[in-house]
Amino acid sequence: MSSQLFAPGHTACSGCGMPIAIKLILEGSGKDIIVVSPTGCLEVTTTRYPTSAWGVPWIHSLFENAAAVASGIERALKVLNRDANVIVIAGDGATVDIGIGALSGMFERGDNVTYICYDNEAYMNTGVQRCSSTPYGASTTTSPVGKLSFGEDRPKKDLPAIAVAHGVPYVATASIGYPKDVIRKIKRAKEIVGPKYIHILTPCPTGWRFDENKTIEIAKLAVETGLFPIYEIEGGTLIKVKKIKNRKPVEEYLRLQGRYRHILKGFKDQLEIIQEIADKNAEKFGLDG
Amino acid sequence: MNDNIKILEGSMAIASTVKTCKPNIVSAYPITPQTHIVENIAKMVADGEIKADYIRADSEFSALSTLIGASATGARTYSSTTSQGLALMFEALFNASGMRLPIVMTVVNRALSAPLNIWNDQQDSISVRDAGWIQLYAEDNQEACDLLPIAYKVAEDKEILLPTMCCMDGFILTHTFEPVIIPEESLVDEFLPPFRPDFILDPANPLTFGAYAGPEIYTEFRYQQHNAMIKAEEKIEKAMNEFGEVFGREYGLIDEYRLDDADIVIISMGSLLGTIKDAVDEMREDGIKVGILKITSYRPFPKEKIYNKIKGIEKGIVFEKDVSIGTGAGLLNDLKAALYGKKQTPFLYGFVLGLGGRDVGMNDIKDAVKKVKTLELEDFGFINLRKEVL
Numbered sequence: 000m001s002s003q004l005f006a007p008g009h010t011a012c013s014g015c016g017m018p019i020a021i022k023l024i025l026e027g028s029g030k031d032i033i034v035v036s037p038t039g040c041l042e043v044t045t046t047r048y049p050t051s052a053w054g055v056p057w058i059h060s061l062f063e064n065a066a067a068v069a070s071g072i073e074r075a076l077k078v079l080n081r082d083a084n085v086i087v088i089a090g091d092g093a094t095v096d097i098g099i100g101a102l103s104g105m106f107e108r109g110d111n112v113t114y115i116c117y118d119n120e121a122y123m124n125t126g127v128q129r130c131s132s133t134p135y136g137a138s139t140t141t142s143p144v145g146k147l148s149f150g151e152d153r154p155k156k157d158l159p160a161i162a163v164a165h166g167v168p169y170v171a172t173a174s175i176g177y178p179k180d181v182i183r184k185i186k187r188a189k190e191i192v193g194p195k196y197i198h199i200l201t202p203c204p205t206g207w208r209f210d211e212n213k214t215i216e217i218a219k220l221a222v223e224t225g226l227f228p229i230y231e232i233e234g235g236t237l238i239k240v241k242k243i244k245n246r247k248p249v250e251e252y253l254r255l256q257g258r259y260r261h262i263l264k265g266f267k268d269q270l271e272i273i274q275e276i277a278d279k280n281a282e283k284f285g286l287d288g
Numbered sequence: 000m001n002d003n004i005k006i007l008e009g010s011m012a013i014a015s016t017v018k019t020c021k022p023n024i025v026s027a028y029p030i031t032p033q034t035h036i037v038e039n040i041a042k043m044v045a046d047g048e049i050k051a052d053y054i055r056a057d058s059e060f061s062a063l064s065t066l067i068g069a070s071a072t073g074a075r076t077y078s079s080t081t082s083q084g085l086a087l088m089f090e091a092l093f094n095a096s097g098m099r100l101p102i103v104m105t106v107v108n109r110a111l112s113a114p115l116n117i118w119n120d121q122q123d124s125i126s127v128r129d130a131g132w133i134q135l136y137a138e139d140n141q142e143a144c145d146l147l148p149i150a151y152k153v154a155e156d157k158e159i160l161l162p163t164m165c166c167m168d169g170f171i172l173t174h175t176f177e178p179v180i181i182p183e184e185s186l187v188d189e190f191l192p193p194f195r196p197d198f199i200l201d202p203a204n205p206l207t208f209g210a211y212a213g214p215e216i217y218t219e220f221r222y223q224q225h226n227a228m229i230k231a232e233e234k235i236e237k238a239m240n241e242f243g244e245v246f247g248r249e250y251g252l253i254d255e256y257r258l259d260d261a262d263i264v265i266i267s268m269g270s271l272l273g274t275i276k277d278a279v280d281e282m283r284e285d286g287i288k289v290g291i292l293k294i295t296s297y298r299p300f301p302k303e304k305i306y307n308k309i310k311g312i313e314k315g316i317v318f319e320k321d322v323s324i325g326t327g328a329g330l331l332n333d334l335k336a337a338l339y340g341k342k343q344t345p346f347l348y349g350f351v352l353g354l355g356g357r358d359v360g361m362n363d364i365k366d367a368v369k370k371v372k373t374l375e376l377e378d379f380g381f382i383n384l385r386k387e388v389l
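As you go down the protein sequences, you meet chains A and B in turn.
Quick note on numbering that gives the first Met the number 0: the first sequence kicks off at 0 and runs consecutively.
Quick note on numbering that gives the first Met the number 0: the second sequence kicks off at 0 and runs consecutively.
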């Protein structure tokens, strides 16, 4: 069904994780939805006038207001006695940085909106600039490796935790490496009234610099190393975690990606810190098992 | 006395009129001196007097963004803001007009920071004159109310589809108790048909809104907005005529006062006109042939109508509460552009006054007219400047 809702022929890069996420989201959501997207890769690759890849109603307004636009749609549907699930599909830059104010407002008002962040860990549409979702150690065009720099020097902002702190009733993370899990979480979100937040890792061959046939492998490795834990939080309680048997060392994830090449070549301290991030995730979420 | 006349604070009068326009969604963020309008509407929603949903937005930017979503879903929408709030909306203003969403907003006119100043001038709305919104300016609270149903009727017209700002001076109008007739709900129903847009967000007919447009098509979108704004001139006039027939109160894109034999025309917008009218009455008693051209519609700017009214008059004096830093002022510059190349146009003087809430008295107006007559003033300047503190 999702092929009718999201047509081929869009202009996303070969191997892009985002359209994979879109298809999974639509598989889970069905057609009775209204999608809001901010400015970003998704918007420019799927809606160049007069074409559109979308077989569901879709609106783009600005970069930082998708959550507010979604609130308006949801309230209008209620007042006009119409029914549709309102879903935001937004990139990480629009979510964790410039749009976080509007997102906080939507969470706090309790509007019945499913907000999905597809996370490629930088401003990819403008040419791989870092954002607060960029992980520690990654080289981007505005956190480049150099004589005085090992790349991004701050850890990834934990937006799911910020959502939980707002009392959002359903918060989940997912990776396109696990398609059934993504679909299940979209379906679960549908059953819950109020704001929902789902954060999906979508590897970017262009920005992360890996071979375009490695997208799914990398999406899995992020999880298998513990760098991107997959979990569900309902009503503030951690209810489900994807356990990892024989958690892999982070090098296995890093070495496939150009953005981390320098780390493996000579930044030993930073490599240790990245391993510590994975270890802490494993401890916090009980990933090992 | 008309039984329907009530003595109401301007903000309450606005809220009561908004109610008669039956918006589905109101979304706003509180900011002085707009607060009483949205407080009154929130109370009406809380009491079930108005069947709208009120979205308590996290900022003015979000307030307008929620209305973009709601309007695209087919809801009639309303907001109100001022000054910094309008500036924060800047990006969304262009987005709403570009998507041709007929949102109506009361702009309570107030000065912009820095220095921080919460009092009245018109710098805020004048500064967004190119955002693709219709802009109507009210002289008094009755007009501020009556412009609302007119605004909805024009904005929602399928040949127009432009968002609209109804501008009223902060404090001077919003916080002043004046006798007003709130448009009767049954008459508003008769005057203003329900909002039934052709294109909405609806799973039964999936459409893409806000697409990405390249250089090969972007200009054509802007051209269509431009044409709709030009077309709005006749639509506003028609709506005002219909309003007059239904409610018995007459308005125009522009209006004149004691202009017939004038050799000086004063041109202005908003609540200044009340003071100017009194000053003109006194000057007329002194034998000075001075009249007034009132501008109600600043966007669209009715260039030909303005020219036809002031053609042949010797001098024009523009009083306005905004400044286009380094070049003049908004209304003055637009008037000069409108009259350029035409014959028998008045020589235009432009004066900035009343910034940041500074009081404007009749003597300020009379003094400026006198000095223009005796050639004591440059053709552009600031009235009432405190030179001792400079």
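Careful: at least some of the hints might be erroneous.
[Stated by the list, open to error] Okay, the calculated bits of chain A under chain B, using three or more residues with CB under 8 angstroms as the criterion: (1) 8-22; (2) 94-103; (3) 131-144; (4) 264-275.
[As the list claims (entries may be wrong)] Straight line, CA to CA, 27 angstroms or less: simulated DSS-like cross-link-like pairs of lysine-lysine: (5) B:Lys335 x B:Lys370; (6) B:Lys370 x A:Lys77; (7) B:Lys365 x B:Lys386; (8) B:Lys157 x A:Lys77.
[Unchecked claim] Distance ranges between label pairs, derived from CB positions: (9) A:Gly8 x B:Glu219: 21 to 27 angstroms; (10) A:Gly8 x B:Gly247: 45 to 51 angstroms; (11) A:Lys279 x B:Asp46: 50 to 56 angstroms; (12) A:Glu190 x B:Ile216: 39 to 45 angstroms; (13) B:Glu38 x A:Ile238: 20 to 26 angstroms; (14) A:Asp210 x B:Ile216: 34 to 40 angstroms; (15) B:Lys237 x A:Gly8: 41 to 47 angstroms; (16) A:Pro49 x B:Gly247: 46 to 52 angstroms; (17) A:Gly193 x B:Glu241: 41 to 47 angstroms.
The set of hints was computed from the structure by calculation and includes no laboratory data.
Positions of the beta carbon are idealized from the N, C-alpha and C atoms, including for glycine.
Status of the hints after comparison with the structure:
Given a C-beta distance limit of less than 8 angstroms, the hint that chain B covers the segment 8-22 of chain A is violated, as 0 residues qualify and 3 are needed. With a cut-off of 8 angstroms between beta carbons, the segment 94-103 of chain A has 3 residues touching chain B; three or more are needed, and the interface restraint holds. Residues of the segment 131-144 of chain A lying with their CB closer than 8 angstroms to a CB of chain B number 0, which falls below the three-residue condition for coverage. For the segment 264-275 of chain A, the assignment as covered by chain B is violated, since 0 residues bring a beta-carbon within under 8 angstroms of that chain's beta-carbons and 3 are needed.
At most 27 angstroms may separate the alpha-carbon atoms for a hinted pair to count; Lys335 (chain B) and Lys370 (chain B) meet this at roughly 21 angstroms. Simply put, Lys370 (chain B) and Lys77 (chain A) have alpha-carbon atoms about 61 angstroms apart, too far for the 27 angstroms limit, and the pair is violated. Using a Cα cut-off of 27 angstroms, the hinted pair Lys365 (chain B) and Lys386 (chain B) holds, with the two alpha carbons roughly 20 angstroms apart. Taken as a hint, the Lys157 (chain B) and Lys77 (chain A) pair is honoured in the structure, with Cα atoms around 25 angstroms apart against an allowance of 27 angstroms.
Between Gly8 (chain A) and Glu219 (chain B) the C-beta distance comes to about 23 angstroms, which sits within the given range of 21 to 27 angstroms. For Gly8 (chain A) paired with Gly247 (chain B), a C-beta distance near 59 angstroms fails the hint of 45 to 51 angstroms. Roughly 53 angstroms separates the CB atoms of Lys279 (chain A) and Asp46 (chain B), a value that falls within the hinted 50 to 56 angstroms. For Glu190 (chain A) and Ile216 (chain B), the Cβ-Cβ distance of about 41 angstroms falls inside the hinted range of 39 to 45 angstroms, so the restraint holds.
Hint check: Glu38 (chain B) to Ile238 (chain A), Cβ distance near 42 angstroms, so the stated range 20 to 26 angstroms is violated. At about 36 angstroms, the beta-carbon gap between Asp210 (chain A) and Ile216 (chain B) stays in the expected band of 34 to 40 angstroms. Range check, Lys237 (chain B) to Gly8 (chain A): Cβ separation about 45 angstroms, and the 41 to 47 angstroms hint holds. A C-beta distance of roughly 48 angstroms is found between Pro49 (chain A) and Gly247 (chain B), which places it inside the suggested range of 46 to 52 angstroms.
Checked against the hint of 41 to 47 angstroms, the pair Gly193 (chain A) and Glu241 (chain B) passes, with Cβ atoms roughly 45 angstroms apart.
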